[in-house]
Amino acid sequence: MKPKRNPDVIWRHEQRREQQLLEAAERGEDISEGGTVILVVNGTMHQLNLLGGEIWRRCDGETELAAIVQEIGAEYEVAAEELEQDVREFLVDLQQRGWVTDA
Amino acid sequence: MKKYAKPRVISSGNV
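One line per chain: the protein sequences are R and H, in this order.
Numbering-wise, the working numbering puts 1159 at position 102 of the first sequence, and it's gapless, one number per residue.
Numbering-wise, the working numbering puts 90 at position 3 of the second sequence, and it's gapless, one number per residue.
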């Protein structure tokens, strides 16, 4: 599977915010509810948390799911199997919302 | 290595 963002979705990667969240995580804070990517879909705003943003940014229609898992796995403290399962579930969610398709 | 938290859509609201 090569997930591809729906071109109708407007989005922005909030890099400064992401840096602040990473620093908060280092201090032991729970940042799972912190948004790093903002999406606007049909006039409604949504946010993706840190890992959601990591996945979303790689949904370019050219990157295989396995490569996405590998890239993210190299940066985060998580077992490959758990990460792959989470990425798959997240992408199913995004597909059901119509934000991502399989290129 | 960065700490891991599951990916999710965290909020929605009208612009």
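It should be emphasised that the hints constitute simulated quantities derived from the structure, not laboratory data.
We put the beta carbon where it would ideally sit given N, CA and C, even for glycine.
Hints may be right or wrong, so weigh each one.
What the hints assert, rightly or not - Restraint ranges, calculated between C-beta atoms of paired labels, are given here:
{"hint": "1", "chain 1": "R", "residue 1": "Asn1099", "chain 2": "H", "residue 2": "Met88", "range": "32 to 42 Å"}
{"hint": "2", "chain 1": "H", "residue 1": "Lys89", "chain 2": "R", "residue 2": "Ala1123", "range": "12 to 22 Å"}
{"hint": "3", "chain 1": "R", "residue 1": "Gly1100", "chain 2": "H", "residue 2": "Met88", "range": "15 to 25 Å"}
{"hint": "4", "chain 1": "H", "residue 1": "Ile97", "chain 2": "R", "residue 2": "Asn1063", "range": "17 to 27 Å"}
{"hint": "5", "chain 1": "H", "residue 1": "Met88", "chain 2": "R", "residue 2": "Gly1155", "range": "18 to 28 Å"}
Tested hints:
The hinted window of 32 to 42 Å between Asn1099 of chain R and Met88 of chain H holds, with their beta carbons roughly 37 Å apart. Between Lys89 of chain H and Ala1123 of chain R the beta carbon distance is about 20 Å. The supplied range of 12 to 22 Å therefore holds. For the hinted restraint 15 to 25 Å between Gly1100 of chain R and Met88 of chain H, the CB-CB distance of approximately 38 Å leaves it violated. The beta-carbon spacing between Ile97 of chain H and Asn1063 of chain R, approximately 19 Å, falls within the hinted interval of 17 to 27 Å.
Take Met88 of chain H and Gly1155 of chain R: their Cβ atoms lie about 34 Å apart, and the range 18 to 28 Å is violated.
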